[in-house]
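S.K.: With the hints as your guide, set chain B onto chain A.
Protein chains in written order, with numbering that gives the first Met the number 0: chain A, 0 to 360; chain B, 0 to 384.
Hint data in this document are derived by calculation from the structure and do not stem from the laboratory.
Hints may contain errors.
Have a look at the derived ranges for each label pair, beta carbon to beta carbon [said to hold, decoys possible]:
(1) 316(A) / 306(B): 31 to 39 Å
(2) 9(B) / 351(A): 21 to 29 Å
(3) 6(A) / 179(B): 39 to 47 Å
(4) 308(A) / 378(B): 24 to 32 Å
(5) 9(B) / 244(A): 44 to 52 Å
(6) 187(A) / 33(B): 57 to 65 Å
(7) 347(B) / 187(A): 39 to 47 Å
(8) 196(B) / 9(A): 52 to 60 Å
(9) 62(B) / 343(A): 51 to 59 Å
(10) 219(B) / 7(A): 55 to 63 Å
(11) 315(A) / 17(B): 53 to 61 Å
(12) 3(A) / 214(B): 51 to 59 Å
(13) 306(B) / 351(A): 53 to 61 Å
(14) 177(B) / 187(A): 55 to 63 Å
Okay, the calculated bits of chain A under chain B, using three or more residues with CB under 8 Å as the criterion [as the list claims (entries may be wrong)]:
(15) 1 to 7
(16) 143 to 150
(17) 276 to 284
(18) 343 to 350
Since we're looking at a predicted model, the values are computed, not measured.
Note that CB positions come from ideal geometry on N, CA and C, so glycine has one too.
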Amino acid sequence: MDPDFDETQLLLQTTTRRYLEGEVPFDRVREHEEKCRADQELWQAMAGQGWLGVALPEAVGGGGAGLVEAGILVHELARRAAVVPGVEVMASAVVLARHADVDQSALLRGIVDGEVVVVPALLEAGDDFAQVDAAVDAGGKLSAEKRFVDYPDFATHHLVSAHGPEGLGLYLIERGDAAIETEARSCTGRTPQADVRYRGASARRVAGESAIGRLLDIGRALTAAQILGSMEVSLEMTVEYTNLRVQFGQPLATFQAVQHHAADMCMHVESNRFLVYELLDSLERGTAGSADAALVKASVSRSVPFVTMQAHQLHGGQGLIEENDLYFFTIRGKDRSLAWGTAEECLAQVAEDVESPPRWL
Amino acid sequence: MDFRWPDEYLAFRDAVDAFIQEWRSPELAAEIQQREGAPGPLSRKYFAALQERGWMRMCWPADMGGEGRDPIYQFILVEAMEYWRMPYGNLTFTSIAPSIGQYGTEHQKQKYLPGIWNGELTFAIGYSEPNAGTDLAALRTKGEKVDGGWKVNGQKIWTSLAENSTHIWLATRTDPDAKKHAGISVLIVQTKAPGVTIRPLKTMSGLTTYETFYDDVFVPDEDVLPPLHGGWGIIMHALNHERVGLSPTSNLARNYDVVVAELQRNAPHKLADPVVRMRLAELRMELERHRALAIRNAVTISRGAIKPGEASMAKISGSELRYRMSNLLVDILGRVGGLARDDDRAVEKGLVQGNFLSSPILRFGGGTNEVQRSILATRHLGMTR
Chain A
0 MDPDFDETQL LLQTTTRRYL EGEVPFDRVR EHEEKCRADQ ELWQAMAGQG
50 WLGVALPEAV GGGGAGLVEA GILVHELARR AAVVPGVEVM ASAVVLARHA
100 DVDQSALLRG IVDGEVVVVP ALLEAGDDFA QVDAAVDAGG KLSAEKRFVD
150 YPDFATHHLV SAHGPEGLGL YLIERGDAAI ETEARSCTGR TPQADVRYRG
200 ASARRVAGES AIGRLLDIGR ALTAAQILGS MEVSLEMTVE YTNLRVQFGQ
250 PLATFQAVQH HAADMCMHVE SNRFLVYELL DSLERGTAGS ADAALVKASV
300 SRSVPFVTMQ AHQLHGGQGL IEENDLYFFT IRGKDRSLAW GTAEECLAQV
350 AEDVESPPRW L
Chain B
0 MDFRWPDEYL AFRDAVDAFI QEWRSPELAA EIQQREGAPG PLSRKYFAAL
50 QERGWMRMCW PADMGGEGRD PIYQFILVEA MEYWRMPYGN LTFTSIAPSI
100 GQYGTEHQKQ KYLPGIWNGE LTFAIGYSEP NAGTDLAALR TKGEKVDGGW
150 KVNGQKIWTS LAENSTHIWL ATRTDPDAKK HAGISVLIVQ TKAPGVTIRP
200 LKTMSGLTTY ETFYDDVFVP DEDVLPPLHG GWGIIMHALN HERVGLSPTS
250 NLARNYDVVV AELQRNAPHK LADPVVRMRL AELRMELERH RALAIRNAVT
300 ISRGAIKPGE ASMAKISGSE LRYRMSNLLV DILGRVGGLA RDDDRAVEKG
350 LVQGNFLSSP ILRFGGGTNE VQRSILATRH LGMTR
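With the rest of the complex left out, here is chain A:
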């Protein structure tokens, strides 16, 4: 039982953090947010640093590490509120590397280089990952309407859940296909998201039904790491602000009412930190399942509004204005709490098995 990063992981965390703090000032994030466009330059830099393939096998040019390392990267990207599809691409890539029916090495090499960007398109009007109406016909043409696809226009490929002649599975679609239409949505998180219509787009089956489950598990675990990043920074900003802000002749941080709010925030951050990395580590080792991923996604999704709203309470008006960086974490955190299954959806999945004894070790 070792809940701390090893030396390599620590090095990855510190170098990533240092790089992002230096190269991605928040004003640059603001620019991309305003245009609602992915940070192409950062994406290329990420490829250059070898980050995009961190969890992919060395045979395709990857780093040969696993989900914990991918988690560290998206955690750090979230601390910078970076406008890039880190979670979406890494989750897709890991599923394509480990659960595809046929070898995807060429595509994966492209992902590592940053030339190929694959994002999942899973959700439909039913707002339920299990409810898939999308269909691929015998000629390999996809008809579907997918909702809330992240970075659909920045992507070069979509990884779509659909029924085909061989049953439910995952299909790869090229974004360049003329039979695709996107309709941008204006979302809480201010990152690019859209509904996507596929009217006979060419689809290539890459994996069966079980891979959809793995994609959800990994997507939830990585999103949980992202949300953890949002919570963590709001807490750090709150400690810093209350230490500096003086009222009644003393720093706000000296008031017990203020301290106790921060203490509660801290407990949410630290309990979720353990759970998020435990999940990533256990998924990597094959000892965690979908119910575990759902539980952790539910937990961070419940915690992030609490933590960020307490941060706002302690920042007062300062925290609301967009010149202050706090809002990034509030809106990204809430937005990601909705993505990949809300707390309610995830808890409903946990509720399917309440009979098994909870673990205490």
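M.R.: Below, chain B without anything else, positioned relative to chain A:
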């Protein structure tokens, strides 16, 4: 980073579990409840068997009669025992014995430790006073130097287990002229010593605590923990030792399991209700968060590091979840959930109802959660004091 429990820990958990299943019986439970911790015929045999396993001091250094195992073993022992509410010496074991081991004279170690390990000697803790609760260093029970020892006068409150304990671990002001924290010593006082009066205070959960009065009680020099006037450090050390298993996840898990089993047996329609299932799912989520903080703290302690904030988080989270969880579980059971332990229809002898009523002590006891939150804010987060 590796969240797996190594095999040797899992094997130890299984060994403790097997031991518990061998010894657990309604008769032993009844004896323990009746005697409130004092040894009886059954518990003597049980403690002898526990002692034989060596688990009571496995984490002690070899030169103190232990095996030098890391404190994670103690954490696992406490968790496993707490699931079934089996006695393991509790505070005497987790807190007093290590303090005697660390600070006691050779004479004190020989006099007290074997008796603690076989369950014959049990200690009540005499810290709080009517005017010294959270502000413990304000304590006024005083010891005056007399020939061959100390004459103690004063009053303690919340001296839980006093009536059925053999000794009281008494925080005493031995130097009235020193600064608040500097003039305190720890004295080991026999509960049967002349001048000790024990008065029961019944609490709403059905448990009894005690007030203890000290009128010219003589305590020989040999029963004063060294260093004289250095008791504050010993008290803090004892609190640190408590912290490895201070808020178990397992007894919360047991409450959950008891309620689910009861619903399966007698109210399957409730268990089929999606609203009930969502509530239970939320409790599982909260339990996981607590498990995370408890393990995090135990791992830090096992590495010999001191992070007061982590102990505070585990303490706050366990005690507050205990109240929320037992409250909700009683609600889910319905009227039968409100039955007290003396009612023959009570579920598992009123375990969950009892946990609800006894949950306040865990929140304000052992350092109130308000103090813990301030410790967390200032010492862990670095907020200005």
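S.K.: Could you work out which of the previously given hints the structure breaks and list their numbers from low to high?
M.R.: 13 and 16
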